[in-house]
Amino acid sequence: MCLAIPGAITRIIDTSTAEVDMLGATRNISLRLVPEARVGDFVLVHAGFGIQIIDPEEARETIELIREMDELVAEELPAPDGATA
1 MCLAIPGAIT
11 RIIDTSTAEV
21 DMLGATRNIS
31 LRLVPEARVG
41 DFVLVHAGFG
51 IQIIDPEEAR
61 ETIELIREMD
71 ELVAEELPAP
81 DGATA
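Residue 65 in UniProt numbering sits at position 65 of the sequence shown, with consecutive numbering throughout.
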């Protein structure tokens, strides 16, 4: 299964590259599939490419769902041998 993560464009580096904030992590992505994207836009990011511009509300909802999934997985899966919870 593939998952695209919303990222907020924080800086345009050049005509085909931007810096995005994804869940608190900064990454450089390709804008080749969304050349119209600008600073402040939210884009779905998959495999290092911005693949679609989305509205801020959809981005917030998706980020919240991702955080909820992380919490659920942490509750459901046992800690690896030797690890502390």
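Worth flagging that the hints you see were computed from the coordinates, not collected in a lab. All of these numbers come straight from a predicted model, not from anything done at the bench. Here a beta-carbon is modelled for each residue, glycine too, at the ideal position from N, C-alpha and C. Hints may contain errors.
Here are the computed distance ranges between Cβ atoms for each label pair [unchecked claim]: (1) P78 x I12: 41 to 49 Å; (2) V73 x N28: 24 to 32 Å; (3) D81 x I12: 43 to 51 Å; (4) A25 x E58: 13 to 21 Å; (5) P80 x C2: 20 to 28 Å; (6) E76 x I13: 38 to 46 Å; (7) L72 x L33: 26 to 34 Å; (8) L77 x P35: 39 to 47 Å; (9) D81 x D14: 41 to 49 Å; (10) L33 x L77: 28 to 36 Å; (11) S16 x P78: 40 to 48 Å; (12) E76 x D14: 41 to 49 Å; (13) D81 x R38: 44 to 52 Å; (14) E61 x N28: 24 to 32 Å.
Which numbered hints does this structure break?
Hints that this structure does not satisfy do not exist here, as all of them hold.
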